[in-house]
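There are 2 protein chains.
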Amino acid sequence: MQEQPQPGQSVQLPVLAVVGVGLIGGSFAAALRRARAVSRVLGVGRNRQSMQQAISLGLIDAAVSLEQASWEADIIMLALPVGMTQSVLEALRPGLRDNTIITDAGSTKVSVVEAARAALGDRISQFVPGHPIAGAEKSGPEAATTDLYHGRTVVLTPLDENSVDARLRVTRLWEACGARVIVMEPETHDIVLASVSHVPHFLSSVFMWQVATAHNADLRLELAGSGFRDFTRIAAGSPEMWRDIFLANRDAILSEISEVRKALDTAEQALLTADGAQLHDFLERAALARRFWGSRSGLK
Amino acid sequence: MQEQPQPGQSVQLPVLAVVGVGLIGGSFAAALRRARAVSRVLGVGRNRQSMQQAISLGLIDAAVSLEQASWEADIIMLALPVGMTQSVLEALRPGLRDNTIITDAGSTKVSVVEAARAALGDRISQFVPGHPIAGAEKSGPEAATTDLYHGRTVVLTPLDENSVDARLRVTRLWEACGARVIVMEPETHDIVLASVSHVPHFLSSVFMWQVATAHNADLRLELAGSGFRDFTRIAAGSPEMWRDIFLANRDAILSEISEVRKALDTAEQALLTADGAQLHDFLERAALARRFWGSRSGLK
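Those protein sequences? They're chains A and B, same order as listed. In our numbering, each number is its position in the first sequence, counted from 1, plus 118. In our numbering, each number is its position in the second sequence, counted from 1, plus 118.
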């Protein structure tokens, strides 16, 4: 992370600006510095203390304004709550050079693409939307690591306006972080992520809320064990970030919740009628699917 | 775990029999051997290979039948799917000596107490029901450890018929394992455990089932990340064990699911109306409660 590029290299290597130097943006910067795939790294953030920390940690070389980032950077990564995409892009637009590529790490893509079109206008070809499927319970620059993306999947949802060169430049950067890049439509991305990321977070939060507001919450929480710990871990996540994600991907999330409700109806009916065979089949199907996924995902 | 009691001690120390020598029963045996709180440890199990493994691992001294266990043991621990409680106790009853105490580690207590009353009749005073709040993803004798219960909570739901001495003997054994013992009514235990253990498992399995049976399940599972991993980890658990738990604690679970549905209705309505402030408040309440619990539970 502390390594500097060789003097001879810095002419060709791009200047990277990261807007939002937390876990996601900081790890992107750290991985690219380590891979010597960027020359300077600029950071943009509202919190002075955490920008100072990002400099101390060697994640970025300097803290700059959005305007400075737009003039100086060859690549700009937005690692922000998705609700901030439009206003940040509007601030970046006036200073953008023709060759600068902007990409993002937002958890939803349809709304980000809309925001980008609204903000960038005829410069929309310079925006290549993306989403790394990686994260951790920790946040902030101190949680950033060079290997967060190693072996992980990054989804790009390129626009028709993006040049082949723009797509390739973003792909190469992610590959330099050790990630595998796959491409899909923004709509497909949002439906799939609603299913495997947003709905679990919604349900985990609903459940945690219900337990925490029960009249005997203290007793419940005293007897909560490791299953509870795992099931509710995501409910501890940032309320701001997840509110933005839920609002940005509302339709797909509501549609997936409705599918989960159907499955819940069926399972609950089996319990109500004490149908042990049906309960077992349902639990077994879920258990086998989870074990198979666990054995292949590299995540457990 | 390999340590033998001193020759002079074995006269006073009880003989322990563990019925079901997996993670729960095996760890109980291992912790008590390490604490030198038992002399001999007998194991009962249907699977010869895993009993042999339990002997090799030093968890038990010998594999015996239920009948032998009932004659020889001073303390009998049932570490079984709760649905097996009655038949196992019926097999133990004829050989039981007056001073033998039976306890269990079942995840539900009302149904276990009913099964025990039906099976033991006038020997019900010898059964002290219990439930250690501990577990892990792993199962089987090879997963047993001496410290599984260290710092964990064990709930006892003693019966009016239990003597003070019987309660104390069970309490002391759990304390020798490093656990903290608390006492409550079986009904309270079952409602609280329905909330913080059974319902999360039910919801996690329902969700996993829904994802696994979706038409594009492969794509969904390819993009599933660490949030999905944590939320669904418990869905990989034993279908037999959890079917038994769900059936045994059906009323409390159905009642808690109905409470979770109410919370889901409210949160979903906030999403449907794009009420960002309400969504934020709800997410924040859940996040703060989960973070507070995480900082105090010792589980994360």
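Simulated from the structure, these hints should not be mistaken for laboratory data. Mixed in with the good hints there might be a few duds.
[As the list claims (entries may be wrong)] Below 16 Å or equal to it, Euclidean Cα-Cα: the simulated EDC-like pairs (lysine to aspartate or glutamate) are:
(1) 380/B to 336/A
(2) 380/A to 386/B
(3) 380/A to 383/B
(4) 380/B to 386/A
Here the structure is a predicted model, which means the values were calculated and not measured.
Run through the hints listed earlier and report the numbers of any the structure violates, in increasing order. 1
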